Amino acid sequence: MKTKKISVLALSAGLFFAACNSSQQNNEGTESKELSGTIQIDGSSTVYPITEAVAEEFRTVQPKVKVTIGSSGSGAGFNKFARGETDISDASRAIKDKEKDACKENNIQYLEIRVALDGIAIVVNKENTWIENITTEELKQLWEPNSTVTNWSDIRPEWPDEKIQLFGPSTAHGTYDFFTEEIVGESGASRSDYNAVSDYNVAVQGISTSKNALGYFGLAYYTENKDKLKLISVDNGNGPVFPSLETVGDGTYAPLARPLYIYVNKKSAKRKEVMEFVNFYINNAAKLSKDVGYIPLPAAEYNNSLSQLNDLSNK
Amino acid sequence: MNNAATNRIKDKLFKYFGIVCTLIGLTVLAIFIIDILIDGVQRLDWKFITNLPSRFPEKAGILTAWTGTLWIFFLTAIIAIPLGIAAGIYLEEYSKKGRLANLLEINIANLAGVPSIIYGILGLEIFVRVLKFGGSLLAGSFTLALLILPIIIVSTREAVKAVPKTIKEASFALGATKWQTIWNQVLPAASSNIITGIILALARAVGETAPLIVIGALAYVPFVAKTPMDEFTVLPMQIFNWVSRPQHGFIINAAAAIIILLCVVFVMNGIAVYLRNRAQRKIQW
Amino acid sequence: MQFGFSGLPAKVSGFNIYYMTRAKEYIIEKCLFFSALITVLTTIGILLVLAIEAVDFFKEVSIIDFFTDSQWTPLFSEKHFGIMSLLAGTLLTTFIAIAVALPIGLTIAVYLSEYAPKSFRKTIKPLLEVLAAVPTVVYGFFALMVVTPFLQNFIPTLSGFNALSAGIVMGIMIIPFVSSLSEDALYAVPKSLREASYGMGSTRFQTSFKVLIPAASSGITASVILAISRAIGETMIVAIAAGQIPALTLNPLEPVQTITAFIVQVSSGDVPFGSLEHKTIFAAGISLFALTFILNSISFWINKKYQQQYE
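Protein chains in written order, with the working numbering: chain A, 1 to 315; chain B, 1 to 285; chain C, 1 to 311.
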């Protein structure tokens, strides 16, 4: 009996440790500059997919560099970054004053790099036949605090006299901050009687099953669910524009195109592997951000970031 | 109808009610598992279990996640079980009854109600920053150990309380010391109930996401942790991460990962249940 | 050689055995004491971590406002800091969860302990314990995607996010806490008590409710208190399924936000650390701690009074 117990335990322990070791990758020939080290990244869960994609591709070029990425949120990311606990911080918004102060306190100098754009799509249910476009003024009327709009007809009288079901990000999210700032005029200024979600797939589900629904979230969630949702164009005074790879990238879809950032610790950038990684990031951000549903910046901007980065290494 | 007949009817009714309740619990479990299986079983293959995370759902795998979960399970168990049982024994057998003891008891029940994310914040301050464990398995398992400690303590106390006084008195009468009585008589007698507490506690630890996110369990870890000081990720974190991505392939991945997690838990529970059954066989009073 | 009780040869002077065992006992007792002390240290740690930031928070927001304002909107442009709406969310979902878990859990406990055949008990008990092991994230989505649409067939006015689904699923998660721990307590009641009761002609129903449950009351109450605490502190299920907008309501068909859901929302979001908005989580956390402390103290005293009758 006892031997049976011991052998079962030993077998499972053996399998466990075999798995631990099986992921070790064999060196592929001799890379001319094979780097090693660890790069710690944390921050926004919105930017995470891009950074993950970059790290995945980077692993094929520099297999010995360990890149670890967290997604605890932009706020938590900056908190760790300001304490020097991470080398790079992912952020779906620019760094705020309090966070800048925290960095200063700990002598952390950083480089702010924009890596991609996230288009914010306004979507409605597929059975919604009446709306094709909406103006930014109407959006403001709809979403401002203490808004008097309850039915579709309150916005335009020719629309049905039915209650609008609103969906949007919950208040602790960058998308919420950005949308309220751009559309309503002040960050955080929004009506509070809407279905707030943290996971946009839930909003997709909610909108696709509710005829009178309207919601806003990142374009990627529309693109992956085209068969369930209807996209509407936004008129910022220059005619209605649909969000797409082109219109968000060249700025015609305005103002609902928000930049995504990474912040790099200048001291960390002095390490070869970090410098190499950030270089790789900027060079590949255009292609990889598309893979995960975001929109690349104009090439000029990436070149600008590259030269800023190279200035660092020359100091 | 006389009393005896009414009582027999009440007895029968309750028996059926009992069966219904048990079935409710089992049916929910079944619906749950079937739902997940339908969604996720298609994705289960050897590659899924041994691949690293990726931005392409077809390529993404859970190797680092399930090894991380196993690490967390073992480390948390090693820390929490002895501490919890020791504390439970102390509180039940050694501490003098009185206001201090009452306060301790209320305190422990209270700790069981603190949201797991607060333990995460506590763990971040103490284990990650002050003790400098960093965002490692060690910090994660210590934090989770604190989280589940109250469950183990409470079940140990109740298990020890339930051992009949006669056993203890007989042991003392034979000249045994307090610790000898506890170690040789009370603990073996109480072991099956203590194991139940441990099962529930560890099950909780393995399914937790929030405190580990705060500590620094990462979503992307391209290597299997080899020492307790390594960075890590766990299955619930991976599931949580995948479930909110727009690409549908990730939702299927999440379902498959849930199946794996349930399997891991099932195996762990199974081992513990086997141990419990063996312990219980010896106790017949 | 003759061996004394401590396993050492009796040839060694009895004097030494006595002191060695005494020393061993003392050391063991101290070790056990320090293990118990960890719980106190944990509480102190939690209070410190929460209080330091909460004190800062209350410098800017008056305590009176905190308790009397009917709205909680710290992340909207028009800020209100009334904890009542979050508290309502927590209490509502907890109540529903306990209303589900308590009767079902206790019944299962009694059934498995007294009525069911031994082999049935051996298989069912671990299966139910699996319910406690499902990650709460998964339960949350189950509540949102499966339970809510299912209930909407019967209750058309049920909102997409609501307290009812979240509460029910939380209750299901807690069932094993009540059933397994209570059942252990019942099982541990000495056979003599059972046999005496059956010997007098009682049915299993009478024996269970009039003899066994009172005898096992300590263990059963402990399991119930543990279950309630678990429900109050539950985070993910309510964060996902109950809603993200606080509302001062006791209507289970509407979305509510619990204290725990709020804390998770802010700490994993994009709010900058150190801001007033961020400090709200510490104020909310400490309120929750105070709430559970009061609830636990009350149940402790009630339990003590009840127990005295059966000691």
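Calculated from the structure, these hints are not laboratory results.
One should not assume that every hint holds.
Claimed, not checked - Pair ranges (Cβ atoms, derived):
id, chain 1, residue 1, chain 2, residue 2, range
1, B, Glu169, C, Lys30, 23 to 31 Å
2, C, Leu37, B, Tyr274, 30 to 38 Å
3, C, Ala51, B, Trp183, 38 to 46 Å
4, B, Trp183, C, Ile63, 37 to 45 Å
5, B, Tyr274, A, Pro145, 41 to 49 Å
6, C, Val40, B, Tyr274, 58 to 66 Å
7, A, Ala254, C, Thr68, 39 to 47 Å
8, C, Val40, A, Glu105, 46 to 54 Å
9, A, Glu34, B, Thr50, 48 to 56 Å
10, C, Ala23, B, Phe172, 14 to 22 Å
11, B, Cys263, A, Ala254, 44 to 52 Å
12, C, His80, A, Arg83, 29 to 37 Å
13, C, Tyr26, A, Lys272, 39 to 47 Å
14, B, Trp183, C, Arg121, 24 to 32 Å
In this text the structure is predicted, and so the values were computed from the model without any measurement.
Note that the Cβ used here is the ideal one computed from N, Cα and C, for glycine as well.
Inset, instruction - Kindly confirm whether 39 to 47 Å is satisfied by the beta carbon distance between Ala254(A) and Thr68(C). - result: holds, 43 Å
Inset, instruction - Mind checking the hinted window 41 to 49 Å against the Cβ distance between Tyr274(B) and Pro145(A)? - result: violated, 60 Å
Inset, instruction - Could you see if the CB distance from Ala23(C) to Phe172(B) stays within 14 to 22 Å? - result: holds, 20 Å
Inset, instruction - Just tell me: holds or violated, for the beta carbon distance of His80(C) and Arg83(A) against 29 to 37 Å? - result: holds, 32 Å
Inset, instruction - Could you check the hint for me, namely that Ala51(C) and Trp183(B) are 38 to 46 Å apart, CB to CB? - result: Given about 40 Å between the Cβ atoms, the range holds.
Legend entry - Outcome of range test on Cβ distance (Trp183(B), Arg121(C); 24 to 32 Å): With a Cβ separation near 29 Å, Trp183(B) and Arg121(C) satisfy 24 to 32 Å, so the hint holds.
Legend entry - C-beta pair Cys263(B), Ala254(A): status relative to the range 44 to 52 Å that was hinted: Because 50 Å falls inside the window, the suggested range holds.
Legend entry - Tyr26(C) paired with Lys272(A), Cβ distance criterion 39 to 47 Å: At roughly 58 Å between Cβ atoms, Lys272(A) and Tyr26(C) fall outside 39 to 47 Å, so the hint is violated.
Inset, instruction - With 30 to 38 Å as the target window, see if Leu37(C) and Tyr274(B) comply at their CB atoms. - result: holds, 34 Å
Inset, instruction - Starting from the range 48 to 56 Å, see whether the pair Glu34(A) and Thr50(B) falls in it by beta-carbon distance. - result: Hint violated: Cβ distance 25 Å, outside 48 to 56 Å.
Inset, instruction - Go ahead and decide if the range 37 to 45 Å is satisfied by the Cβ distance of Trp183(B) to Ile63(C). - result: At 51 Å between Cβs, range violated.
Inset, instruction - Kindly confirm whether 23 to 31 Å is satisfied by the beta carbon distance between Glu169(B) and Lys30(C). - result: Holds - the Cβ-Cβ distance for Glu169(B) and Lys30(C), about 25 Å, lies within 23 to 31 Å.
Of the numbered hints given earlier, the model fails hints 4, 5, 6, 8, 9 and 13; all others are met.
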